[in-house]
Amino acid sequence: MEVENLYNYSCSSGLLLPLINEYTWSRSARAFLYLLGLLYCFLGVAIIADIFMCSIEKITSKTKKIMLSTSNESQPEVIEVKVWNDTVANLTLMALGSSAPEILLSIIEIVGNGFYAADLGPCTIVGSAAFNLLVICGLCIIALPVGESRRIRTFSVFSVTAFFSIFAYIWLLIILLAISPHEVEIWEAVITFLFFPLLVGISYAADKGMCNVKLAPKITKQMEVDSTTVPAKKEEYFPKGEINKDTLIKFIKEVRKHPAMSAEDAACLAAARLVEESEHSRLWYRVGAIRDLTGSKKPKPSLSKKLKKVYSLLGQEGDQVDAPVPFPEEQKDVPILDFTAATAAVLENAGKVTIKIKRHGKTSGVARCRIETIEGTAVAGEDFVPVKEILTFEDNEVAKEIQVEIVDDNQWEPDENFFLKLCILPEDVGKVMLGRVCIMEITILNDDEPGNLQFKRRGILVQETIGVALIPVIRTQGVDGIVTTKWRTIDRTAVSGKDYIGGEGEITFGHGEVEKNIEIPIVDDFNAEKDEHFEIELFDPSGGALIGQVNRSTVTITNDDDFNSIVSRVAVMTNVNVDNVRLQSETWAEQFRSALTVNGGDIENATTGDYVLHFLTFGWKAIFAAVPPTGILGGWLTFFVSLMLIGFLTAIIGDLASIFGCLVNLKDSVTAITFVALGTSLPDLFASMAAAKQEKYADSAIGNVTGSNSVNVFLGLGLPWLMASIFWASKGERFLVPAGTLGFSVGIYTAVSLACLSIIIARRYLSALGKAELGGPRKVALSCTVVMVTLWFLYVLLSAFEAYDYINI
1 MEVENLYNYS
11 CSSGLLLPLI
21 NEYTWSRSAR
31 AFLYLLGLLY
41 CFLGVAIIAD
51 IFMCSIEKIT
61 SKTKKIMLST
71 SNESQPEVIE
81 VKVWNDTVAN
91 LTLMALGSSA
101 PEILLSIIEI
111 VGNGFYAADL
121 GPCTIVGSAA
131 FNLLVICGLC
141 IIALPVGESR
151 RIRTFSVFSV
161 TAFFSIFAYI
171 WLLIILLAIS
181 PHEVEIWEAV
191 ITFLFFPLLV
201 GISYAADKGM
211 CNVKLAPKIT
221 KQMEVDSTTV
231 PAKKEEYFPK
241 GEINKDTLIK
251 FIKEVRKHPA
261 MSAEDAACLA
271 AARLVEESEH
281 SRLWYRVGAI
291 RDLTGSKKPK
301 PSLSKKLKKV
311 YSLLGQEGDQ
321 VDAPVPFPEE
331 QKDVPILDFT
341 AATAAVLENA
351 GKVTIKIKRH
361 GKTSGVARCR
371 IETIEGTAVA
381 GEDFVPVKEI
391 LTFEDNEVAK
401 EIQVEIVDDN
411 QWEPDENFFL
421 KLCILPEDVG
431 KVMLGRVCIM
441 EITILNDDEP
451 GNLQFKRRGI
461 LVQETIGVAL
471 IPVIRTQGVD
481 GIVTTKWRTI
491 DRTAVSGKDY
501 IGGEGEITFG
511 HGEVEKNIEI
521 PIVDDFNAEK
531 DEHFEIELFD
541 PSGGALIGQV
551 NRSTVTITND
561 DDFNSIVSRV
571 AVMTNVNVDN
581 VRLQSETWAE
591 QFRSALTVNG
601 GDIENATTGD
611 YVLHFLTFGW
621 KAIFAAVPPT
631 GILGGWLTFF
641 VSLMLIGFLT
651 AIIGDLASIF
661 GCLVNLKDSV
671 TAITFVALGT
681 SLPDLFASMA
691 AAKQEKYADS
701 AIGNVTGSNS
711 VNVFLGLGLP
721 WLMASIFWAS
731 KGERFLVPAG
741 TLGFSVGIYT
751 AVSLACLSII
761 IARRYLSALG
771 KAELGGPRKV
781 ALSCTVVMVT
791 LWFLYVLLSA
801 FEAYDYINI
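Using full-length UniProt numbering, read the sequence shown as starting at 1 and increasing by one per residue.
Please keep in mind that the hints were generated in silico from the structure rather than gathered at the bench.
Some hints here could point you the wrong way.
Said to hold, decoys possible - Listed below are the simulated PhoX-like cross-link pairs for lysine-lysine, each with C-alpha atoms no more than 20 angstroms apart in a straight line:
1. 65 <-> 82
2. 300 <-> 693
3. 298 <-> 308
4. 431 <-> 456
5. 421 <-> 431
6. 456 <-> 358
7. 309 <-> 486
8. 300 <-> 771
9. 421 <-> 352
As the list claims (entries may be wrong) - Between beta-carbon pairs, the in silico distance windows are:
10. 608 <-> 145: 48 to 58 angstroms
11. 592 <-> 678: 29 to 39 angstroms
12. 751 <-> 201: 27 to 37 angstroms
13. 782 <-> 751: 53 to 63 angstroms
14. 398 <-> 352: 19 to 29 angstroms
From a predicted model like this one, the values you see are computed outputs, not experimental measurements.
Just so you know, even glycine gets a beta-carbon here, dropped at the ideal spot from N, CA and C.
Make a model of the complete structure from these sequences and hints.
Right, here's the structure in full:
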């Protein structure tokens, strides 16, 4: 058999296609239809791969219980550990999950081609490897926000997989060009396949520290702070990815600093933070990327706009310097800055609103903070002029004013609001504190009356341990001018001086201010007692204002039992919310409901894009919802059924790609490294970029790329070549694999991959490059990204030139 006669580029037929006689159609119409079919089948592969990877997640998350011997033999300590080692899982099932289409395409193509070698499968594997290493790693470097960086945690494992990712392709060159040119013998195919378990074994040994080789310095806590974590990282409430009473109480207390937060809201926020702070595998991010592309159920709890605002403020800048902090008693040793009112209103035609910021606590010395506007229903630039500046209080200066311009567009609009926020500068953390009112709401309205003063609520429930109860007073039906009202407390079952610090006082509303708080200290006597309450009353208004209907409010002081019941209820609801976003489906009913509804049934938070994508992919979702759910046989039945469906779709994709390439005069090798490689690798790109942003380390973003590239060769080429070499040996013939385009493509990839890995390793060790694989100095990161993406384009162009004989080697 001659090498040059191995390929047939006719547009007649593939393994399964065409289904009808379409040879009389115009060439351009056929090409367009085949391109649409190819893109649609990529969506189908992505959806069934989602189910396939959910089964892998179910299998690899299996745990077993181990009993530890303790001094108390009657109650031994029991711990739960994973059955699968993370490194082994990443290189076996998880690598198979992300690379199944490429591997199956190579196997199906060689079987369907009568065990003759072809270009589409092998070149897809090399093209996918090039895209993964050069484009995905390159874009992940620049994906992080400015000032952030990520390091690979298990660098010893990365070193092993990186070596094998280069060695695998050098080995291909050796067997195709050196040992037996243009031929693969049985022993060569056997060794290629056996490199896979060798890779897994060595990586496992490196993970367990059995190699006794120090491949990289151990990441210390200081290195995590300097090179891995975010300078203004949110505080971790659930660092171990689990709920316990102490962490949940801490979270609830933080949430309750924001007004109108119910237990349901707290549970939703807790579930979102718990999912964010849990460690996730690469498959979790890939499933999330696929579901974003198909309008399916998201693996994260959905938050309303109001909750997103609160969530973005939780635990910011390390010690929550931006969040309201309760002060049981005035602190004199540090400046405290906050607004004089929690809410203000302004007429749209007023032109501007004046906001007052006060300073209390320590008044000597200079104190600074940043003030900035945050959009609400009012839009920056359209309804108000955004503000972002530094406020500086000079020595003994206790008040400052800032003006925010209001845009009058002469169009009727409902009342709109936006927010002003005070933030501590990073260099002033510990030197300045924020008061209780560090976020102020401003409402744009049309009113010119002094208004009515009344309580916001008739009753308020506070815990005995709260320190200070904030009783909101609101100004309605007008905000014009300065108005005041007096207030006094009235003992009921709670007694002033014993259960709370009461008395009388006066509250003043400046022009445009609509909500302020009366602060009543609560006494925590640590005694078990029933609920107690007192009243607070408004009287004697001035400045033209009137007292509204709610002139009295009852404050009920509860003991810790109520708080414990709230904690228990929030814990249950949090677990329910987390359970609702798990990847796996336990029943067919749950699977069909999730597949056939937009956004997995969460219609309230579905976007227009979710509806469009759900419509485009509805057919695939309906078909694949019939796959057995992962709750059956521990996920293994789902694994094998979805793998067969991926194989069937991959066979169709192979036919579509081959016929499409022929119709537009693209050789299979060029189609493979462009259309097919991109179609199978784009979900990996989105998954890696999401992992780069959310994870503390770079392992899930780029650490698995090298392992996946190695597995592609050892399984995607080793297995089909082993089958073909045995087949031809049984007939007394040789299995011919022309080295031409494949060998050239492998050679180019080997060269550019060495350059890429050199950049990644240099970034880890060189201070000028940030001493981290991802992120670092912005200009340096951008330069590395440009170089790596340029290398990918160079690889594609040179491979295409060789395929069309513009390069002859």
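Now for the hints, and whether the structure bears them out:
Distance hint between residue 65 and residue 82 is fulfilled; the C-alpha atoms sit about 9 angstroms from each other, no more than 20 angstroms. Using a Cα cut-off of 20 angstroms, the hinted pair residue 300 and residue 693 holds, with the two alpha carbons roughly 15 angstroms apart. Using a Cα cut-off of 20 angstroms, the hinted pair residue 298 and residue 308 holds, with the two alpha carbons roughly 16 angstroms apart. With a CA separation close to 34 angstroms, the supplied pair residue 431 and residue 456 exceeds the 20 angstroms bound.
Proposed proximity of residue 421 and residue 431 is supported: the alpha carbons are some 19 angstroms apart, at most 20 angstroms. Under the criterion of a C-alpha separation no larger than 20 angstroms, the hint pairing residue 456 with residue 358 is inconsistent with the structure, at around 24 angstroms. Straight-line distance between C-alpha atoms of residue 309 and residue 486 comes to about 34 angstroms, which puts the hinted pair past the 20 angstroms bound. Only pairs whose Cα atoms come within 20 angstroms are accepted, and residue 300 paired with residue 771 is rejected, the gap being roughly 32 angstroms.
Taken as a hint, the residue 421 and residue 352 pair is honoured in the structure, with Cα atoms around 17 angstroms apart against an allowance of 20 angstroms. Distance hint for residue 608 and residue 145: a CB-CB separation of about 26 angstroms, inconsistent with the stated range 48 to 58 angstroms. Evaluation of the 29 to 39 angstroms hint for residue 592 and residue 678 yields a pass: the beta carbon distance comes to about 32 angstroms. Taking 27 to 37 angstroms as the suggested C-beta distance range, the pair residue 751 and residue 201 conforms, at roughly 29 angstroms.
Between residue 782 and residue 751 the beta carbon distance is about 23 angstroms. The supplied range of 53 to 63 angstroms is therefore violated. Distance hint for residue 398 and residue 352: a CB-CB separation of about 23 angstroms, consistent with the stated range 19 to 29 angstroms.
Of the numbered hints stated above, those contradicted by the structure are hints 4, 6, 7, 8, 10 and 13, listed in ascending order.
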